[in-house]
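Enquirer: Chains as they are written, first to last, in full-length UniProt numbering: chain Y, 1 to 336; chain G, 1 to 76.
Hints may contain errors.
[Said to hold, decoys possible] In silico SDA-like links for lysine to any residue, alpha-carbon gap of 20 Å or less:
{"id": "1", "chain 1": "Y", "residue 1": "Lys274", "chain 2": "G", "residue 2": "Tyr50"}
{"id": "2", "chain 1": "Y", "residue 1": "Lys266", "chain 2": "G", "residue 2": "Ile13"}
{"id": "3", "chain 1": "G", "residue 1": "Lys53", "chain 2": "Y", "residue 2": "Asn270"}
{"id": "4", "chain 1": "Y", "residue 1": "Lys266", "chain 2": "Y", "residue 2": "Asn226"}
{"id": "5", "chain 1": "Y", "residue 1": "Lys240", "chain 2": "G", "residue 2": "Asp47"}
{"id": "6", "chain 1": "G", "residue 1": "Lys53", "chain 2": "Y", "residue 2": "Gly235"}
{"id": "7", "chain 1": "Y", "residue 1": "Lys275", "chain 2": "G", "residue 2": "Gly76"}
{"id": "8", "chain 1": "G", "residue 1": "Lys53", "chain 2": "G", "residue 2": "Asp30"}
{"id": "9", "chain 1": "G", "residue 1": "Lys53", "chain 2": "Y", "residue 2": "Asp185"}
{"id": "10", "chain 1": "Y", "residue 1": "Lys252", "chain 2": "Y", "residue 2": "Ile335"}
{"id": "11", "chain 1": "Y", "residue 1": "Lys248", "chain 2": "Y", "residue 2": "Gln315"}
{"id": "12", "chain 1": "G", "residue 1": "Lys75", "chain 2": "Y", "residue 2": "Glu236"}
{"id": "13", "chain 1": "Y", "residue 1": "Lys187", "chain 2": "G", "residue 2": "Leu14"}
{"id": "14", "chain 1": "Y", "residue 1": "Lys275", "chain 2": "G", "residue 2": "Tyr50"}
{"id": "15", "chain 1": "Y", "residue 1": "Lys275", "chain 2": "G", "residue 2": "Asp47"}
{"id": "16", "chain 1": "Y", "residue 1": "Lys266", "chain 2": "G", "residue 2": "Leu14"}
{"id": "17", "chain 1": "G", "residue 1": "Lys60", "chain 2": "Y", "residue 2": "Ile210"}
{"id": "18", "chain 1": "Y", "residue 1": "Lys275", "chain 2": "G", "residue 2": "Asn9"}
{"id": "19", "chain 1": "Y", "residue 1": "Lys266", "chain 2": "G", "residue 2": "Ser41"}
{"id": "20", "chain 1": "Y", "residue 1": "Lys277", "chain 2": "G", "residue 2": "Glu49"}
{"id": "21", "chain 1": "Y", "residue 1": "Lys266", "chain 2": "Y", "residue 2": "Ile22"}
{"id": "22", "chain 1": "Y", "residue 1": "Lys282", "chain 2": "Y", "residue 2": "Glu312"}
{"id": "23", "chain 1": "G", "residue 1": "Lys60", "chain 2": "Y", "residue 2": "Glu190"}
{"id": "24", "chain 1": "Y", "residue 1": "Lys274", "chain 2": "G", "residue 2": "Glu49"}
{"id": "25", "chain 1": "G", "residue 1": "Lys75", "chain 2": "G", "residue 2": "Asn4"}
{"id": "26", "chain 1": "Y", "residue 1": "Lys277", "chain 2": "G", "residue 2": "Asp58"}
{"id": "27", "chain 1": "Y", "residue 1": "Lys33", "chain 2": "Y", "residue 2": "Leu21"}
{"id": "28", "chain 1": "Y", "residue 1": "Lys266", "chain 2": "Y", "residue 2": "Ser18"}
[To be verified] DEER-style ranges, computed between Cβ atoms:
{"id": "29", "chain 1": "G", "residue 1": "Glu70", "chain 2": "Y", "residue 2": "Asn313", "range": "22 to 32 Å"}
{"id": "30", "chain 1": "G", "residue 1": "Asn66", "chain 2": "Y", "residue 2": "Asn219", "range": "48 to 58 Å"}
{"id": "31", "chain 1": "G", "residue 1": "Ser61", "chain 2": "Y", "residue 2": "Arg71", "range": "48 to 58 Å"}
{"id": "32", "chain 1": "G", "residue 1": "Ile13", "chain 2": "Y", "residue 2": "Glu61", "range": "28 to 38 Å"}
{"id": "33", "chain 1": "Y", "residue 1": "Lys98", "chain 2": "G", "residue 2": "Lys75", "range": "17 to 27 Å"}
{"id": "34", "chain 1": "G", "residue 1": "Lys75", "chain 2": "Y", "residue 2": "Lys48", "range": "40 to 50 Å"}
{"id": "35", "chain 1": "G", "residue 1": "Glu70", "chain 2": "Y", "residue 2": "Glu280", "range": "32 to 42 Å"}
{"id": "36", "chain 1": "G", "residue 1": "Lys23", "chain 2": "Y", "residue 2": "Lys307", "range": "44 to 54 Å"}
{"id": "37", "chain 1": "G", "residue 1": "Thr5", "chain 2": "Y", "residue 2": "Ser176", "range": "45 to 55 Å"}
{"id": "38", "chain 1": "G", "residue 1": "Asn66", "chain 2": "Y", "residue 2": "Glu190", "range": "22 to 32 Å"}
Just so you know, these hints were derived from the structure itself, not from any lab.
Treat the numbers as computed from the prediction; the structure is a model and nothing was measured.
The beta-carbon is built from N, C-alpha and C at its ideal position, and this holds for glycine as well.
Each chain is listed here by its residues.
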Amino acid sequence: MKANIKAISYYLPEEILSNDLINQEFPEWDIEKISSKTGINSRHISAKDEFSSDMAIKAAEKLFKEHNIDRSEIDFLLFCTQSPDYFLPTTACIIQEKLGLNTTIGALDYNLGCSGFVYGLSLAKGLIAGEMAKNILLITSETYSKFIHPKDKSNKTIFGDAAAATLISSEKGFCSIGNFVFGTDGKGAENLIVKQGGMRFPVLNDNEDISDEFGNVRNDKNLFMNGTEIFNFTGEFVPKLIQGMLEKANLKQDDIDLFVFHQANKYMLNHLRKKIKIPEDKFYISMAHCGNTVSSTIPIALYEAVKEGKLENIQNMIIAGFGVGYSWGACNLIIN
Amino acid sequence: MEINTFLQNFADILDDTDAALIKQETVFRDLEEWDSLTALSLIAMADEEYSVKLTGDDIKSSTSLNDIFEIIKNKG
């Protein structure tokens, strides 16, 4: 049985962190350089009392309304986050109740970052192929802003909060889900990490702030990203990922009409695009309005691509997610 | 690999720095424009121009542009 993406909607929190605001706080940071290199003009920041489940619910309600979807038809909920409301219960259970979904559905959380959307599609396809579900609601939601130190200008510039809701169905959608390739390498765990807050290192209140070589301030309860290592990781693995994807789907690179990668930042994306030799007009970037929203970047970009008409008269797409873990994955989508 | 070409490549990744300031002995960290994005640009340039994977540690352990040049040369 075929699995199809039927609809996508997304939610961005109200508060906006513009380049102007970042520039006011960090006057040494050239504003035009920020936007020209990162491709980001603004990010949305979750309110103090707004958490991943709240944003997930708003994204799902938008999905139901925007695409006229009957929530009673949903029979499985997959929730991807690295900033859950609690250790337990499972955030997906809270979302089920607040969205008024049937109590006969299956629901689970899974913890992945930038590769999370691709993995979610693979789980949804598996549920449909195994005849365990017909209409799967996949929600990605992340509040990285709550992890970021207020004086960490690099991460503040890159990351934004968002949630995206996607309906995957055995019924026809705007595209069908093809094949998958995956990758995992835990040797990169320490390069993108929030060290404290789990069992191994509980949050300490007397952490000492440390400043890195570029003047970014953080401590062990904050998000840490080793930008240069992540850059090298993607440069090494993403070209192989795309190669593997083409082989798996038995397609040539020229057969692909549109590539949508995890929207990390424009600079890195263009470096990858050139390395893989993808022409600019086949490489979709949409992150200026929201920044790197982790697992929601791909569904947000897909939503915008549909809206812009980029999916009209095309046949084959490849989407690819890569990052924290390290974890990576790609799949091909066939436009109906 | 030639030092002058490398210095030219380095000058090309900068937006607001006078190319005359880019010399073998230049302490790149002292350049006003040096930041985390410039570091990524340097890594990208090493990859694109010399097919060399420059690491964050390579940059950290270097002081002058000549140090970077030597690392790229040895890795190439």
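Enquirer: It remains to establish, for every hint, whether it holds in the given structure.
Expert: Against the structure, the hints come out as follows:
no., hint, verdict
1, Y:Lys274 with G:Tyr50, "holds, 15 Å"
2, Y:Lys266 with G:Ile13, "holds, 15 Å"
3, G:Lys53 with Y:Asn270, "holds, 17 Å"
4, Y:Lys266 with Y:Asn226, "holds, 17 Å"
5, Y:Lys240 with G:Asp47, "holds, 16 Å"
6, G:Lys53 with Y:Gly235, "holds, 9 Å"
7, Y:Lys275 with G:Gly76, "holds, 18 Å"
8, G:Lys53 with G:Asp30, "violated, 23 Å"
9, G:Lys53 with Y:Asp185, "holds, 18 Å"
10, Y:Lys252 with Y:Ile335, "holds, 17 Å"
11, Y:Lys248 with Y:Gln315, "holds, 17 Å"
12, G:Lys75 with Y:Glu236, "holds, 16 Å"
13, Y:Lys187 with G:Leu14, "violated, 32 Å"
14, Y:Lys275 with G:Tyr50, "holds, 13 Å"
15, Y:Lys275 with G:Asp47, "holds, 9 Å"
16, Y:Lys266 with G:Leu14, "holds, 17 Å"
17, G:Lys60 with Y:Ile210, "holds, 16 Å"
18, Y:Lys275 with G:Asn9, "holds, 18 Å"
19, Y:Lys266 with G:Ser41, "holds, 12 Å"
20, Y:Lys277 with G:Glu49, "holds, 15 Å"
21, Y:Lys266 with Y:Ile22, "holds, 18 Å"
22, Y:Lys282 with Y:Glu312, "holds, 13 Å"
23, G:Lys60 with Y:Glu190, "holds, 18 Å"
24, Y:Lys274 with G:Glu49, "holds, 12 Å"
25, G:Lys75 with G:Asn4, "holds, 18 Å"
26, Y:Lys277 with G:Asp58, "violated, 27 Å"
27, Y:Lys33 with Y:Leu21, "holds, 15 Å"
28, Y:Lys266 with Y:Ser18, "holds, 17 Å"
29, G:Glu70 with Y:Asn313: 22 to 32 Å, "violated, 52 Å"
30, G:Asn66 with Y:Asn219: 48 to 58 Å, "violated, 35 Å"
31, G:Ser61 with Y:Arg71: 48 to 58 Å, "holds, 57 Å"
32, G:Ile13 with Y:Glu61: 28 to 38 Å, "violated, 45 Å"
33, Y:Lys98 with G:Lys75: 17 to 27 Å, "violated, 54 Å"
34, G:Lys75 with Y:Lys48: 40 to 50 Å, "holds, 47 Å"
35, G:Glu70 with Y:Glu280: 32 to 42 Å, "holds, 35 Å"
36, G:Lys23 with Y:Lys307: 44 to 54 Å, "holds, 50 Å"
37, G:Thr5 with Y:Ser176: 45 to 55 Å, "holds, 49 Å"
38, G:Asn66 with Y:Glu190: 22 to 32 Å, "holds, 31 Å"
Against the hints set out earlier in the document, violations occur for numbers 8, 13, 26, 29, 30, 32 and 33.
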